[in-house]
Every structure is written in C-alpha cells, then in structure tokens.
Amino acid sequence: MTRETTRKRPVAPEIDDRLRRARRAWRLSEAAAGALRGLTALLAVVLVGVAADNLLALPPAARLAGGVLFILGVVWVLGFSVLRPLVRPLTDEMVAVRLERNCPGMDNRLINTVLFRKQEYSDPLTRRMVALQAHETLSAVERVSPARAGADARLWKWALRAGALGLALGVYAAVFSAHFSNALQRYARPAQFIAPVTRTVLTVSPGSVSVLQGDSLEIEARVEGVLPEKAHVDFEEDGGVRTRRAMPFDGSHFACAFTNIQRPFRYVITAGDAVSDRFAVSVKTRPTLKDLRLTTRFPDYMRLPERVESAAAISAPVGATVHIEAQADRPLGTATLVTSFLAAGGAGEPERHEAAMTLSGEMSARGDLSVARSGHFLVRLTDRAGVANQPVLGQLAALPDDPPIVKVLDPAKDLAVAPESRVTLLAEARDDFNLHTLTLHVQPRADAPWAAHRTWSFTTPTRQAREGCVLDFASLGLAPGNVLSYCFQAADGKPGGDPSAGRSRVYQIAVVDAAVAQQKEKARQEAFRTLIGRLIALQKANLDATAQLPAPEPNGAVKAAFASRCAALLKAQEEIYLAAREGVRSFAGLEAAESVQALASITAREMTLAIEKVESLRTASEFTPALSAAQGAQGQVVAALEKLLADPKALLAERLREDLARDKLADDKEDTNKAKPQVERLREALKDFAEEQRDAIKLTKQLAEKPASDFSKEDEENLNKVLETEAKWGKFFQEAATDLSKLPPQDFSIPNLAKELLEVFSEIKKAEDAIKAKAAEIAVPLEQSGLELAKSIETNIEKWLAETPDREQWKMEDPTRDYDVPLADLPDELEDMIGDLMEAEEELLEDAADATSGWLDSMDKGVGWDAMDGPISNMTAKGVTGNRLPDSHEVGGRSGEGRTGKSSGQFVEETATGKGGRTTPSRLTQDPFEAGVVKDTSAEPATGSTGGGKSSGFGAEGFRGQPPPRTQADLKRMANQQQQIIDKAERLDYGLKKLNYPRGELPKAIDMMRQIKSDLAEGRPISTAVASQRLLLANLKEVKDVVERQKQVNRDTAALVDKKVRDEVAASLREEVPRQYKDMVEGYFRAISEAGGAR
Amino acid sequence: MWRIPVVLRRLPRGLVVAPALLAAALSAFAANEWREALVEFSDGRAVRGQVAFPQDMFYMYNEAAKRRLTMRLGELRSIETVIEKESMEKKWFFKEDGRDEKVYTNETWPVRYFRTRVVFADGKALDGTIVGQSFTLRADETVQNVMLTRKMEGKVGQTLEDVVFVRRIALAEAAGGTLGEIGGVVRLPPGERLLQVAAIHIEKDFSLEARVRGDRFTLAPCVSGTYDLVLSSDKALYLAGSAETGPEGRRMTPADLREIEEWAQKVREFFHEQTPLYGAGDVRRAWVLVRLERHGGTSLPGAELVRRYEVWRMAKPDQEWQILKRFFIRRLNSKEKEVPRERIVVVPSLAGHVVAPERPKLDLQLDLSALP
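One line per chain: the protein sequences are P and A, in this order. Per our numbering, the first sequence starts with residue 90, numbered consecutively. Per our numbering, the second sequence starts with residue 635, numbered consecutively.
A couple of the hints might just be wrong.
[Unchecked claim] Here are some, though not all, of the chain P residues that point toward chain A, as calculated from beta-carbon distances under 8 Å:
hint, residue
1, THR708
2, GLU711
3, PRO834
4, GLN835
5, ALA868
6, VAL869
7, PRO870
8, GLU872
9, LEU876
10, GLU883
11, THR905
12, ASP909
13, LEU912
14, ASP914
15, ALA937
16, ALA940
Honestly, the hints are just simulated from the structure, not real lab data. Backbone N, C-alpha and C define an ideal beta-carbon position, used for all residues, glycine too.
Same shape as in the complex, but just chain A:
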C-alpha cells in the first residue's frame, strides 16, 4: 500500500513583488494586446473599455477532450461564466492534529463554482472550466485587475450577492476563431494495425488524442490553427513537423539531435534513456520526437521495459536547450527486457493541417501503405 508522504511546504516567492521603481518587466507584457470589450458584472454593471490578458490567451479544460486547450482572445466573440454551484459554506478547522473531527465556526462565507463557455468568431461554442486567469480592464482612465476562475470565495460576512464576478466579456473584434474537427481514414502497410492518432497544435501548444475505430479516426474539438499529426501503429510511428515542411522549414540534423541527446542526459528524469529521433525547426523553435526508455528498477514488479514517445517543443535562446512543452504520444510497459523498437517514418502529408472558419472540418485520406 502506498503511503502518500506529506509534502513539504515551500514558500512560493512569487508573492514578493518589488515596488514600482524596482520592478522588472519582460516583453511578455509589452506583447499584451488591449482589446475593445464590454465586460458585464454580476452586480449589473457593464463596463465598456479595453481588456488585456497576459499573452492574449488563457487555458480552458475540456472534459470531452480531457485536455487543457489554449484559447486566444483574438478568436473569441465572448467568454461567458455560468454558475455551476453556489452556496454559503461554514468555516471549519480540524479539532486536533491526527483526528478527522471538524470544528465548524459560526462564520460563513460565500463560495461559487463556475463553468466557462467561449464562443468563437463563427458562433460555435465550447464549454469547459477555466484555469484561473487574471486580466486587466481599462476604462475611463482607471485600470483594474479582474480574475476569471473556476471557484470564487468571498469573505466572512459577505453574501453571495456581495461577491461580484464577471458574467460575460463580449469582445468587439474576433477573427479566425472556430471549432472544428479533423477526421479521416488511414491505410497502413499490410500487417500493421492503427493504434492511436495524436494531433499537436503548433501555435497553441496543446495536443489532442483521437478516437480510433478500425482505420478511422476523429479528433475533436479542434480550435483554429495548424495541427501536425502523429500516427502510431503497432510497428511504427508516422509523423512530420510543419517546422520542416513549411516554406522556411528545416529538418534537424543528426548533429542537432545528438546535441539535444547529450543535453537531455543531464536532466533528472524517470527514464534512463532519452533519444531524439526526429526533429523539425531550429534553435528558435523546434519540435523533436523523443523515445524515452527505462530498463527495470521501477517500483512495479515485472516492469522490465517502459518505453514512451513524446514530442518536445524546444528552443535554445541562449547556451542551452530548453523544453517548453511536452506532448505525450504513446507508451508501453513490458515484462520483456527487449521489445523491438518502432520504425519512425516521416510523412510530410501529416503536417500542417489547418482548421479555419472557412474550412473547419477536415476529412483526410492518409495512404501510408506504400511507405518503406
């Protein structure tokens, strides 16, 4: 039985912020875009002004996709907050260390849970839960910070009505936003079976996993943007990076991949080996397919080989590479020490599929049967 250790507390030093004279800013804020919007609050106020989200985006968790999707403000028509649950909760604390008995005080405070609905430029909507995000509202020479969150709590003594939240943000300009779907049929070489299809959103840094039925796959919900597909069969991985197939594309050389491999050896990691197999892009942005393997020594008896494939989005802003995001592709856990490795096949037609309002639904016919 696992005993979950009590995690040591750490002091998140983000709470210490220097005064205005000494504060430093990165270009991230310089990149913030102010957008005309009408912000409606729950107390009836409607403020017409401008809003700015850090990096002009926020995350929203979608239950259907089981993924945290990136929402870009420029593609949205509105962001609506829907109350999921609200109540007055009682303050409590544990009576004694080591006892489960709670002691309730007479103090109550309001608690609300929200769901978020975003409406894209073309009118399609997507539901989910927002990952806590603050934004700035500027109107009439005043500037204020407002929070969008999944859960909002008030102070003791307040009522639910006292806790004001944002009901709706209607954005004046929205372009290019839609909710689409990528689907298709895959024909593999004889003897191979399609296991999995993943899609990596190149601009918004998230990945989706498709529903696979036989040789058909469906990826949804797909927000606007460019997707690179990764197909997994029982014998091979098929993929390509639009950082290679695009107009200024470049495939990373064996020397680049070796450099990344040597750098990755310094990273403390569950896996024993991290081998880059294919890369597209350059030092400013690169997508690298990596095979990770661990040979035994885990807490799971009989797990002699754990193999995993990931795509890393990387960059090398200075002297060292950095992993900016990891996308899981597939894994296996075997009792055998040696399992034949999958072939890696680069198929340019798998890269650069664009979901856009004028073409939100893509139906692909992918014939990989003739590939070596």
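So here's chain P without its partners, still in its complex pose:
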C-alpha cells in the first residue's frame, strides 16, 4: 500500500545537486532568452523609430508616444522577460522534465526518481526498486551536464537577431551619426523644438518677440544648404483662422512683413523640407491720452476769468498761463510736456523744451505752460512698464493782444453846424480780448487842449461796444468860426501800450453862422444840381452816339470797329453810373435828402438797366431790337434825371407808389404762403444733413487726434459710424475703374433712333428649387473665345426667357489684341422681350456675378434662345430686357432700353420708359456726347450715369462726368449773370449802410451768390443750388420787407403834404420855445441826453 505524503523524502544528494544546478541553468537560460528577445524588439523599435523620425520628421506627439512606448517596452522586457524567469518557482518535476527533454537518453529515469521520492513505500521490494532506480538515475545524470537544462536552441537565434539589429543600429549610427543623434535628441525631448535634419536649414529672426501695438514686424528666414524655390509663413491669431502667406526672396533671405499689428499671433515658416519652430508674437498696447483739459489764466490786466476747455490745441494771449491736465488710460510712470518753437527766421532746427509733468493721480498728470510765442506742444506719457505713447502734436498759438479798433459811425465826416446845434456822435469799439473803457475826447477849439468829454467803462468782459452821446454846442460856448475836433479812444488795459492806440479818426465840426451854413448847404445843393445837369448831358451824348451805331457786319474791319464802338458806349455808360454813385455818396447828408434818395434810386434802376442794354448790343443776335432797347433805357435815364432836377419830391413819391404797387403784384404772383411750407421742409432736410455732417466731422476730428493704434473699441465703433454716414451720402459716387479699364473704347455712328414697337411680355414660371441652386463657374480661356465681327445682321434666332435665376458665373480671359468692330446697320424696329424678374437684387448670389471682360463684338449668327446676362459687349443691339437682373459687371456696345445696370455705350432707341434694374453707381466712361434727344418718360431715380451720351430730360441731381460743351458755355454765361446780380446786391448793401438802414441777411445772401457764381464759373458741382436759391430768395425777401418797414418809418411824409402846411411846420421849428416852457423843454432834452450816456 502506498501512502502519499506531501513531504518530499530526500533523494541522493547528487541528484538534488544536479537538479539544483539544472534549475539554475534553466533560469539563466530563460532570462537570457527573454533579455535577448526584449533586446531584439527594443533594437528594432529604436531603429525603426530613428529612421521614421529621420525620414518623416515625426511630430512631437508621435515622438512622445514613441518614447513612452519604448520605456514601457524596456520595463516590460526587464520585468517579464528577465526578472520573472529568475524568480518564478521551478519544481523538481519541472526541472526533471526539462532536463530529460533536453537529454533524450535519460528515458524518464529522472522524473520517475523525482516522483518516487515523493512517496513512501512500505513494501521493501518497492523500496529496493526505487533505490535501484535512483542509482541508475544518478548514473545517468552524472553523464549529463546540468547546463543542458537551460539549453535553448532559440537562444542563439535571438542572440543572432539581436546581434544583427545591434550591428545595423551601430552602422546606422556610424554612417548617419548626425541623423541618429538628432533623432535621439528629438525623442528624448519631444516637447522642445529640435529641428530635424533637412537639406535646407532655416534660421528665423526675430523668432518669438513682443511688439508694440500698431508696429510692424519684418520676419526673415535665412537658409543654408539647399536653397528652396519658395518659402511661406503660416500664421494664426488666437481663435483665428490659419493663414498662409508666401515669402518673397529678397536676394539673401526670405522675408515677410506684418504691418500694423494689433493682436498676438503665432507663426511657422516652411521652406523646402525645413520647418521652423512655432514662434509667438505678443502685442503690447501703448498708453493713450484720453483727455487733455486746459485751464487758461489770462494776464491780470485783461481782467478775464479763467477759461477751462478740453482741447487738443492751445490758443491763448501772450502772457497767459495754461494749466494742462492730462488723463491717460492706464497708470502712468512718467509724463513730459514738450514744446517746440520755430527758430528765428524759420531756418534751422526748432527749439525744444521738455518739462516733467507732475503725476496728480494714478492715471493723470499736470503741468503749466507760459504762453510767450507760437509753436507746438505734445504730452509724452510712459506707463509703468516703460511703454511710451504715440503723442499727437498740438498747435500752440500765442495771440498778441492788439489794441482796440474804434470807428466813428455817425456822423463819420466833418460837419459845419450852427452855434446852437446839437450833434449826435456814435462810435463802435472792438477788441480781441476785452474792452476796458471808451472815451470821447474833444478839443473845443484849435488852441484849446484835448479833454476827455465822456468815458464809458465796461466792468463785464466786452469785446464790442457801441456808444454815443449828444454834443450840445450851445453849452460848449462855441461861436461861429470855432472848429471843434473830436475822436473816440478805447483802452483794453494792456500796459505799456502806445498812447495813441485804440483811437479813432479825428473829425471836425466847424461852427458857422446859420446863414453861412445855409449858404453852404445851398452851395452843395447847387453842386448837386450841377452834377445832375452834367449827368444829363453825358447821357444825352451817349444816347446820340448809340443812335448812330451802325448795324454790325459778320466779318472784317467793320465788325472790329463795331465792337470797339460798343465798348466805348459801354465805358461811357459805366462812367455815368460811377459818377452818379459817387454823387450819392458825397452828397449824403444833404438837407434835400429826397434828391439824393432819388438819385440813388435812378442809379440802381435806370442806370443799371442802361448798362445791361448797352452791353448786350455787342452780342445780340438781332441788332435792331437791341439797339431800340439800349436807346430806350438811356432815354429813361435822361427822363428820370430831368424829373429829378424839376421836382425830386414828386419823383421820389412816384417811385414809392410804384414800389408799393410792384410789391403787391409780386406778392400775388409769388404766393409765398404756398412756398413757405416747402422752404420749411427744405430747411429741415438741410438741418438733418448738416447735423449729420457736423456729427461726422466732430467724430472725425476727435479720432484724428489719436493715432490709429490707440483706438479703443468705442473709437472703432465711432469710426464705423463715420464711415457708414459718409458711405450713405456718397453711395452713388463710386467709380469702379477696375472694371472700366477692361472695356475697350467703342465706335459710334449717328443712327436714326429705332422704334420699339414690339415688346413682348412673357410670364415664366420659375423652376422649383431653382433659387436654391448653387453658382456654377464657366471660365472661358482665350482659345475658346472668338469674335464674329459681323458686318450686317442677317439672322434672327428665336429668343425665350430663362426659367431659372442666374446661377452661371461667366469669366472670360481677355483678348490679347484690339479689334476693329464693324457697325452693322440696325433694324428700324427693335424687338424686346420682358418678364417679371426671377429674383430681387438682394437675392442675387455674389458667386454668380459675371466678371467684366474686354470682348466687344458685332454678333449676328447664333445670338438667341436663352435671354441671359453675359460678359460680351455687343454692337448689334440684339439684346432683350429679359427676366433676369443684370449682374454687376460693366458692359458696352449698342442697345435699346433694358434694365438699369452698369453699362456704357450707345443708346439706339428713341424712347426710354424705365424698366427697373439694379442700383448702379455713377462713374466716368469714355462715351462722347452725341447729338439727339431721347424721350425719357421713366419715373425712376436717375442713377448710374457715365458722363456721355445723348440728352434726355432733367435729372434730380448733378452727375459726375464731362458735361456737353454747350452746357459749359451756358455755365459761364450764367456766372456772368450771377456777377451782375452780385453787383446790384452790393450796391444795394452799400446804399443801405449809408442810409443807416438795417441790412438783414443781405451780406449773407451776397456771400452765397458769390459762392454760386464761383462754382458756375469753374463748373464745380452745385448740387445744393436749388436749396441755396430758395434760401437766397427767402433772405432777399426778408431784406425787402425790413427795408420797406424802415422806409415807412423814415419816410418824410411831409413831401405828400400841401406846401403851405409844410412851410408853416418848418417855420415853427425855427421859432423860439415859449419862455414859460423853456425850462421844461430844456430839462426834457437834457434828460434824454443824460439817459443816453449813462449806460
């Protein structure tokens, strides 16, 4: 019976020893095999990895993964293939089996022995057999080396493989040492950029860099090794799209410039097989000046309060101190105030001064500037990082304090008065900063000293003042023969000024005997009458000369003589006018004021008309009527002057009555009540435009004071607003010169305009889903283009409208030479076909818009079937209106009316009714002006003009382009006419001033007229002429009303009263005041004069 025990009974020590030794050998062999396998694998991985990186320049992620896997592999090899065999348990049975497998002659003796040893046998025979077995086994194992337990034929194979791989790797490392070590380095440090070995070696500068916002950056890539054909830079901003840009070769390197850098970005350069590292460009913003507050302290003597303003320029009087407070957008490091002044004489370098400003807050600084002379200033800021701003130069204007200017307004001339007279003196003083006083200085007699007669003081800031007083000659105790001198003088307080500064002209008032005064007056009146007599004589002489003027001849010397005589007549007439005008001026103040008024009226009316009529003699198309008119006008001058001599009052009264009647008639005709709402509306519209423009200008000025690199988000929004405003107002004035450069100049005939009797309207059902179709490009190279150049039209292929919207984008390569395109005879009647548009303008696909081409043809055969847009201009007018909107490219040729689009060329139909189309900009083409007028009944707004072509009706707005030459001549004639109106208005203005009449808006109206005249003369756009004219008329009407009212106030109605009554009234003025009322009357007048002075 066998009892199995778990405890092994010891076999012969030899067998145990052998087993132990075999076990060890086996472990070692396994470990070695594992190590060799692992080594082989790792060597293969290294070789492949190095080669892969050398060939493919693996990205960092791949190398990182490869490295990690390699390390894991090493760990695995060590752990599982080497260590594990050394430590794993190997039983005796396993060793025995292994040994017997490796030593076939053992015939299982060893394993049996091992197994027998594990059991206890009670049977002695069995025990002896086991012992015998053990001896036999020992003998057998003694013949076998224990090492054979570890023998593994595959070990050598692995060793060979490992050896081969090791050798290969060694050879690789030796032959391609640079590549090998490069790959190892790249694997060892995958996160770091190590350039792979390439044929081209790149050196990039400046690499990663920090730039200031708005700066430029030039990137250079220098190459060694193989020079590649091209290089490019790939760059991307944070969150942005990757963009590629080619780098041109500058002779020694590839370069690329980035200008006006606003945001950070990264870039990589590729040249040939070389790729650079990924570099980063960071952007530093500059500090900006947000606000500049100026507080101007005027010199003490000016007595002006401080002026506080936010401005970019300093304008202050010399001697002022300007306190500057600068507000930045970030904490400041330093602030400096820099001033510069031109060198004396303007030559040489400017003089510069720098003064540190005090930091008054985290983000503000202050400094003071004394104003002594003009120059420029700027505020330089640096933030705490030392980044400086881009300062904007501001103007510094040092204003000199000029002395006041004083003008005597009334009487503004020397007088001769009676001893008891009272003369009113009126003066006006102006100063550039502040008036302090105005004084009337009087010298009663030549031998008397000058004395201040009256002083007015101004306690509040005053720049302009008008003061006056009454000089009572009786109280001055002046007698006939005395001459009183007077002047006004104003002071502005400036110390050290010229004593005579601010003084008016000195006038004199001579005291004369009443009788002498009267005599003088009489003499003046006589002189006036003499003048009138002379004017009559001159006018009569000119009238006679005019009557003797012969009719002009078209050619030759007679014509030149005629022109010369006309010029002489005109000159004489003008001299009469000038003499009359001078008379009105010099005799102003005459007691017989109505005579002077009447002469002024004759000057403004009859004499001006006479000049016009005489002037028109030279250029009149019909001589006889012009001659009659000139004679008539001159005759009227004579008649008026003669009437003036006979009875000036009656003449003036008659004039007044005529004016009243004319005004009433004018009012009826003008019906200004109806015009008023229109004017109001126009005024509102002009206000909107003006306001919008003012806002745009204000915004632009603010933005202009800042460099673009300092723009904040708000600034950019404002800038966009300005751009939108301008784009809105200038929408139709863009010139697409690119497209126009392709169109060849085309020839023109002078055809009869064709009729269009046949206009077919066709309804087409749009194909379903057609609108969703994508655009298809049809690009036609030169080889597939050709010209028919048909000399006559012979074919008439049927046409039909499109069923689908335009989705073809035609692009034709331009011709390489010029062609002589024939002008075929056009049919007398054109046929058109029109349908509802397939799509609106906003639905048009930009991708389907054709490109302008330079092809111009005379097409005949094959023009037909589908009606669609295309890039070939055609001279045979075979197009039809169709049902597709024209694309946005330019087209020329000859055509009847179609839809509006960018077209130029010749219009060959006699009518235009308006068929809709695209909004089209105006631009200048080479179309010449043609004779012929088109009947344009279109109600659509006129857009898209080209500057040439035929005439048709009136547009609402002026067009850019060259106007017809006739129009040019008309413009110049209109400018001349405008000048004549200006002359009249100026004469009127002068007259009103002289007569102390209010002038209202007349000066403004004259300025407006001058501007219009200048524009007409130079042919500048006067698109606001209509509005200007209405405003002008409104202004002039206002002047007329005001003058009329004033006239009614001033009018001496005595002229209309009976002469006897007039004499009685006049006589009463010369009588003395009754004695009992004398004090009262004197006190009354004294009170008036004192009240007038004490202001």
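For chain P, the structure is supplied; the task is to place chain A on it using the hints.
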C-alpha cells in the same frame, strides 16, 4: 457647340444729362485745349476757328499694328476723312421673331463709311479708322459739337449730299509729332530664344507688339513718345519701367506689391492668382508687371494651367488702387499642371526709348547675355 446667349439689355444712363444749372464737370474739360484750326466740311464750308477734343486726343485703329493708337492733337498737322464706302440703304426690320426674313420699307437713308488719315507735324501720315469722337468747334461766337466717326448715317428722306461730314481739320500748330520705328537686335543668354517684344507707350497708354525674326525685332508704326520695352524669351521676361529709371523714378517696394496683390484678390477675374512681380512709379502713376495664373477648371479640356503676363498701369487716387489700363505681354496654355515660371529680369536699358521727329527711327543693340 457654343450657344451665344442673348445679352440682356441695359440702359446706358449716360443719356440722362442734367440741365446746365445742375451739371457737374470734372477737370477733364478744364484741361481741354482750344486749338486754332480750319475745319472743312463736305458741303464746301470752311470754318476758321478753334477746336477742342476731350483730353486733346482721340483713338485710331491701325490695321497693320492691330492696335488702337492714341493720337494727340498737338502732334498733328491735319486729320483727313476719306470716304471708304457710301450708299443709300433701305430701312428694314425682321418680319417675325425667330425668322430671318427681312421686310424692307420704301424708306432709304444715306450711309457712309470713312477711313481717317492723320498727318503728323513732320509730314508723315498714318491711316486707320477713328473710334467715334466728338469735338467742339468754336467760331464767331458760336459753339457747336461735331462728330468724327467711322460710319455716318443720315435721316430718312435725306440724300448723301445732305449728310455733311468733316473732310479735313487742319491744325495751325503742330509740334513733336512723327511716325517712327523701333527696331534692333537682342542677344540673350545661351540657351534662350527670343519669343516676343512688346513696347508700352508711357504717355499715350497703348502697347505695340513687334515683328520678331530670329534675334531681330521691329516695332512699327511708332508715334512720338516714350516707349518701355518688354522682351520675352522662352525662359525669362526682361523689362524696366521709365517710372523707375527716370529722374524722379522709384521702384515699388515689396510692401507696395503686396498691397496691390491683396487688393487684386478682391477683383472678380478669370485667373485664380494675380501676382505683381515688379512695379515702377508711385501712387500717382505706376506700371506693374503682373503674372496671372489659372489652374484648371476652364471650359477647355486639358487646359491645366493658363498663365499670362500683363503690365497694368495703375494709380491710387484715394484709398484703393485702380487699374487704368492693361497691356498684354504674353501667355501660355499648358496641359501640365506645373510649368517652370519665367525669370523676371529688370534691365534699365529697356526703358525710356523716345521716338521724336529729330530721331524717329531707333536701332537698338540689346545685349542681355551677361545678365543673371
């Protein structure tokens, strides 16, 4: 087979002209020059007065050069109109849409075709056909528009005699005008073959293509003025701009060319790429050599690469560049996707050749063999 589409009509808005008060004028008319002239009409009238052509020039197509040449009035002694053909034509219209049958009315109207001969200041003459041009004639305080055209038609009921045309305009002052020729011999680097010579007239904005025979070239007819030459070999383009070589000349910088390239990308065009390669001048006027390429996608099967060289005359009057004129230089159409690009070589001696009465014929010896 190509089906030529019926081109949509468009309304040329040039026909709408505002009245005198609202019309605007550009400086072009201010630049018009009035020239003393004697204008002879076909009805026997001879009007002595002054004439003014817009911009003082007109175009004339010359069959020999296959080019539209610019004629400046100041260089001409006379402009003569020669009747090429005249007839009384019958009015007609098509009977029906889709049918070729014409219906002739009994109405006739006169039609004349003209050729134009210009005589330069030195007496040389050039024939061609004028591109329709109106001019203004001022005489005896009257001003009228007159048309010079290739074809003139009268009204129904008129006879040929009724249709008056300008026979001759004799200009009182003419200076500097001549008809010349530029020719020469070109020596290229070894292995290169001369293909083409083009000349760009700098003042008058047109180009001419030379007759090339071997290494000789001839450019004719050359009117007075300054020409810049562009030579094309099978490997390179040789050129220079007188806007660079002149006294105030300037070559455009890479930044300028990049700006133009970026602007050109916005232009809708047959070509995919428009690359400025060389430029001379500044924002007021510039001449730029541009390479245009299209890579496939055309209607011509097998056209994988279309490459074209042009010179653009450009200006930047405001914010954007504008192309004012394009001059074709050369092109290729290849079945290969990649064709080596031509070298661009700037040779100052190719710029600024002046044809003038004192030297109307230029014979150039251009040695480009030593250039890199």
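Against the structure, the hints:
1. THR708: Where the cut-off is 8 Å and the nearest Cβ of chain A is about 7 Å from P/THR708, the hint holds.
2. GLU711: 14 Å, violated
3. PRO834: 5 Å, holds
4. GLN835: Holds. Min distance 7 Å.
5. ALA868: 4 Å, holds
6. VAL869: 5 Å, holds
7. PRO870: Interface hint status for P/PRO870: holds (5 Å vs cutoff 8 Å).
8. GLU872: 6 Å, holds
9. LEU876: 11 Å, violated
10. GLU883: 6 Å, holds
11. THR905: With Cβ-Cβ at 5 Å, under 8 Å, it holds.
12. ASP909: 5 Å, holds
13. LEU912: Constraint on P/LEU912 satisfied, holds at 5 Å.
14. ASP914: 6 Å, holds
15. ALA937: 11 Å, violated
16. ALA940: 4 Å, holds
Violated hints, in rising order: 2, 9 and 15; the structure is consistent with all others.
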